[in-house]
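Undergrad: My request is simple: use the sequences and hints to build the entire structure.
Quick mapping for you: the protein sequence lines, in order, are chains E and P. Numbers 1 to 146, taken from my numbering, label the letters of the first sequence in order. Numbers 1 to 580, taken from my numbering, label the letters of the second sequence in order.
No wet-lab data here; the hints were simulated from the structure. Don't be surprised by glycine CBs; every beta carbon is placed ideally from N, CA and C. It is possible that part of the hints are untrue.
[Stated by the list, open to error] Estimated spans, in silico, between C-beta atoms of each pair:
no.	chain 1	residue 1	chain 2	residue 2	range
1	E	P81	P	T241	15 to 23 angstroms
2	P	V425	E	R105	29 to 37 angstroms
3	E	A104	P	E24	36 to 44 angstroms
4	E	K10	P	K549	37 to 45 angstroms
5	E	Q126	P	G263	38 to 46 angstroms
6	E	G75	P	E385	46 to 54 angstroms
7	E	P81	P	N217	26 to 34 angstroms
8	E	G75	P	I165	34 to 42 angstroms
9	P	E385	E	Q126	51 to 59 angstroms
10	E	A104	P	D48	27 to 35 angstroms
11	P	K512	E	Q126	33 to 41 angstroms
12	P	I165	E	Q11	52 to 60 angstroms
13	E	A104	P	N217	50 to 58 angstroms
[Unchecked claim] Chain E stretches covered by chain P per the calculated footprint, using a threshold of three residues with CB under 8 angstroms from any CB of chain P:
no.	region
14	31-38
15	47-55
16	63-69
17	85-93
18	123-129
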Amino acid sequence: MDKHDLSQNKQPKILVFSTNNISDVGIDLAGSSHMDYPTTVQVLAVPCSSGINPVWILHALETGFDGVFIAADGGDCPYVPNCTERTAKIVEQAQQLFGAKYDARRVKMGAICSVCSESFVNLIKQFSKALAELSQSPGKSPEEEH
Amino acid sequence: MTKRRLGVFICQCGGNISDFVDTEQLRQSIEKNSLVMVAQVNMFTCSDAGQQNIITEIINKNLDGIVVASCSPKLHLNTFRAVTRRAGLNEYQYVHVNLREQCSWAHTHDKKAATEKGLRLIRAGIAKVSLANSLEKLRVKTLPHALVIGAGVAGLRAALALSDIGVGVHLVEKNHHAGGMVLQWGKMFPNDKKGSYVIKHLLNEIHRRENITLFTNAELLEKTGHIGDFSVKVRLGNNDTISLKVGSIIVATGFDTYIPQSGEYGYGLTGVITLSEYEELLASSMETLQYNGKEIKTVTYIYCVGSRENTKTDKPHLYCSRYCCSATSHAAKCTSEMNPDIRQFHLFRDVRTYGKYEQLYEKARNNGSIFLRFDEKSPPQVKEEKGRLIVRVKDILTGGEEIEIDSDLVVLVTGMVPRENAGLVNILKLPVGKDGFFNEIHTKLRPVETVIDGVFICGTSQGPKNLAESVTSAMAAVSKTGALLLKGYVDLEPFVAKVNADLCTWCGNCAKACPYSAIEQTIFNGKQVAIVSPVLCKGEGACVPTCPKQAIDLEGYTNRQIESMIDALAKEVINEKTDA
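TA: Quick look at the structure:
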């Protein structure tokens with residue numbers, strides 16, 4: 001178990017912003033298909049990626065996430081036609097907020113459709129790997145409170 | 001604010017969750033939270049007993065917020081909202097945690113880590129509900145008119161049923177004539193009425209109805225508006241367009257027949273035809289069956305062409321097309337009724353003449369059809385030899401013996417494929433499944449609804465179906481439409497943007513970012529501020545990231561809520577991070 005704990009601790013913590021109607025459905029599908037991805041990946045669903053506040057992304061890194069992945073709707077967005085451009089701008093703004101404190105690569109956007117379970121798992125694994133390579137932060141230990 | 005009194009209900013989902021996540025451990029951890037008055041584990045929280053239990057706890061413990069941690073909110077969000085309402089609590093004081101699709105089912109190999117993740121997810125749910133405002137739904141008027149796209153049998157039948165219940169219909173068909181695929185079909189099970197007869201009957205009725213308008217050679221060009229009140233633009237003929245107002249849209253655009261690749265089971269050779277071509281031949285033949293001026297004495301059917309292709313690598317159709325086994329058995333019956341001396345060989349992988357259609361299979365066998373079973377890995381070979389069509393098949397049922405069938409006609413039993421509809425998909429933002437057909441929200445629980453509110457799908461546009469099943473789903477789409485439109489209003493989610501007028505200094509960024517022109521300038525306490533129209537706001541939140549003062553919030557997703565959820569999700573991590 002110790003060995004497992006160790007490997008678990010090494011997995012980068014990723015906050016995923018999904019969208020209620022599209023990408024969250026695709027992420028659900030990954031689960032229903034029992035496609036494994038790291039348990040350190042946690043999903044927070046919002047209506048649309050164009051409504052993600054860059055401040056939240058900075059906040060996630062400040063509270064201990066190693067990276068933030070935006071599962072955007074791409075062309076499938078039912079709300080705004082230029083959702084991808086808007087979301088890309090939010091990513092840029094977040095990166096400006098990072099300043100010198102965090103590497104710009106800690107936030108990433110990918111288009112995840114409502115059946116894109118495979119691409120979600122692939123992208124999140126790639127991102128996880130990239131974050132692990134990026135991380136030269138001291139080791140983290142789970143908080144002892146439950 | 002006084003201290004919240006929360007209840008947390010964790011579902012085992014009959015093992016779907018509790019086999020991979022330690023639900024009891026979750027309960028014990030959650031129970032320690034000082035805001036949590038009750039934390040419970042249920043086998044099935046969605047069951048009647050589970051729902052009643054939540055109501056009892058809300059009332060007895062005087063709860064002012066609940067968290068349900070179970071399956072995806074796509075399945076039971078409305079169930080538990082109703083439960084919350086029945087207990088006399090505002091339904092937005094309930095938050096759903098996705099413990100199954102996004103936890104137990106995704107992490108089936110690591111119970112400890114999955115349980116830890118589950119705990120963080122529930123904590124985030126608690127954080128969210130702690131800051132939840134009580135909200136009321138926004139009521140929008142609905143127009144008693146529907147747009148039906150596709151005038152095949154599903155669309156025609158839907159239009160008539162809508163008309164019956166008092167919903168006006170604009171029926172739009174891309175082709176020059178209505179009727180779809182069924183129009184070309186010959187005799188059909190069980191009463192041998194021809195497809196053209198059925199369609200003619202439906203069309204006569206359509207023309208009699210004053211509240212149905214049929215547009216042929218017409219196509220949807222544009223859709224704006226929202227559930228209950230869509231504005232659509234339809235092309236009529238080559239040049240004209242018409243603008244219509246409808247409350248909902250039913251998509252019944254049907255399927256395409258699989259066209260075999262050249263050389264697939266000898267396709268391209270004279271005498272190798274598809275099932276639909278054979279049906280046309282049957283329908284047009286009177287007493288003798290002839291092809292290319294030659295009398296047919298032996299017909300060989302090859303099943304599952306373009307369906308259930310588990311070995312094909314290039315764009316395989318993995319699904320069963322449902323109708324073809326029955327249709328072929330029916331064709332065999334019709335063939336033997338025309339001329340009992342015609343020999344018929346059925347080369348199949350599995351026969352799926354389910355339900356009543358089993359009678360057709362029995363009939364075909366009793367009339368002399370011979371069924372030979374082949375393995376997908378060694379499919380039948382079709383060759384032309386000395387002017388004859390020779391089919392060779394290894395028959396599994398006789399231990400793999402190779403049988404040679406000298407055939408006059410080889411009928412490839414082709415399945416259904418999704419119709420190419422990129423334009424429509426783009427206009428309606430229809431969700432397309434992996435198989436290329438349109439996706440409903442839930443196959444079993446919400447079989448004709450899509451993620452786009454007010455847009456329904458039915459018939460073979462959502463997957464292979466036989467005629468009866470197509471019409472059944474059309475009726476389902478009609479009843480959903482009726483339930484939506486006849487009430488006269490629809491309640492929309494109150495998750496709209498709101499401005500904190502104290503913080504707002506009016507820069508106009510939010511108004512510029514809003515794609516729905518829902519934000520305007522107003523005066524509050526003598527200063528310029530932004531104000532949101534809740535009916536125009538669609539709740540996507542595009543204004544939120546543009547506010548330099550953090551003065552605009554989306555209900556249900558406020559800055560405070562999201563940040564406290566992030567805190568909860570991150571809670572196990574304590575070290576400060578420093579990037580190199």
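Undergrad: Are the hints correct? Go through all of them and say.
TA: Status of the hints after comparison with the structure:
Taking the beta carbon of each, E:P81 and P:T241 are about 21 angstroms apart, inside 15 to 23 angstroms as hinted. For P:V425 paired with E:R105, a C-beta distance near 34 angstroms keeps the hint of 29 to 37 angstroms intact. In this structure the hint that E:A104 and P:E24 lie 36 to 44 angstroms apart at CB holds, the actual value being about 43 angstroms. Under the hint 37 to 45 angstroms, the C-beta atoms of E:K10 and P:K549, about 40 angstroms apart, fit the expected range.
For the pair E:Q126 and P:G263, the supplied restraint of 38 to 46 angstroms holds, since their beta-carbon distance comes to about 40 angstroms. Take E:G75 and P:E385: their Cβ atoms lie about 52 angstroms apart, and the range 46 to 54 angstroms holds. A beta carbon spacing of about 28 angstroms between E:P81 and P:N217 agrees with the range 26 to 34 angstroms that was offered as a hint. At roughly 36 angstroms, the beta carbons of E:G75 and P:I165 sit within the given window of 34 to 42 angstroms.
Between P:E385 and E:Q126 the C-beta distance comes to about 54 angstroms, which sits within the given range of 51 to 59 angstroms. Look at E:A104 against P:D48: about 52 angstroms separates their beta carbons, and that is not inside 27 to 35 angstroms. For P:K512 paired with E:Q126, a C-beta distance near 35 angstroms keeps the hint of 33 to 41 angstroms intact. At about 55 angstroms, the beta-carbon gap between P:I165 and E:Q11 stays in the expected band of 52 to 60 angstroms.
Remark: the range hint 50 to 58 angstroms for E:A104 to P:N217 is upheld by a beta-carbon distance near 53 angstroms. Only residues whose beta carbon comes within less than 8 angstroms of a beta carbon in chain P count, and the region 31-38 of chain E has 6; three or more means the coverage holds. Proximity of the region 47-55 of chain E to chain P, defined as three or more residues with a beta carbon under 8 angstroms from a beta carbon of that chain, is established by the 8 residues found. Given as covered by chain P, the region 63-69 of chain E passes the check, having 4 residues with a CB less than 8 angstroms from a CB of that chain where 3 are the minimum.
With a cut-off of 8 angstroms between beta carbons, the region 85-93 of chain E has 3 residues touching chain P; three or more are needed, and the interface restraint holds. With 0 residues having a Cβ less than 8 angstroms from any Cβ of chain P, the region 123-129 of chain E misses the three-residue criterion, and the hint is violated.
Consistency with the previously given hints fails for numbers 10 and 18, ordered from lowest to highest.
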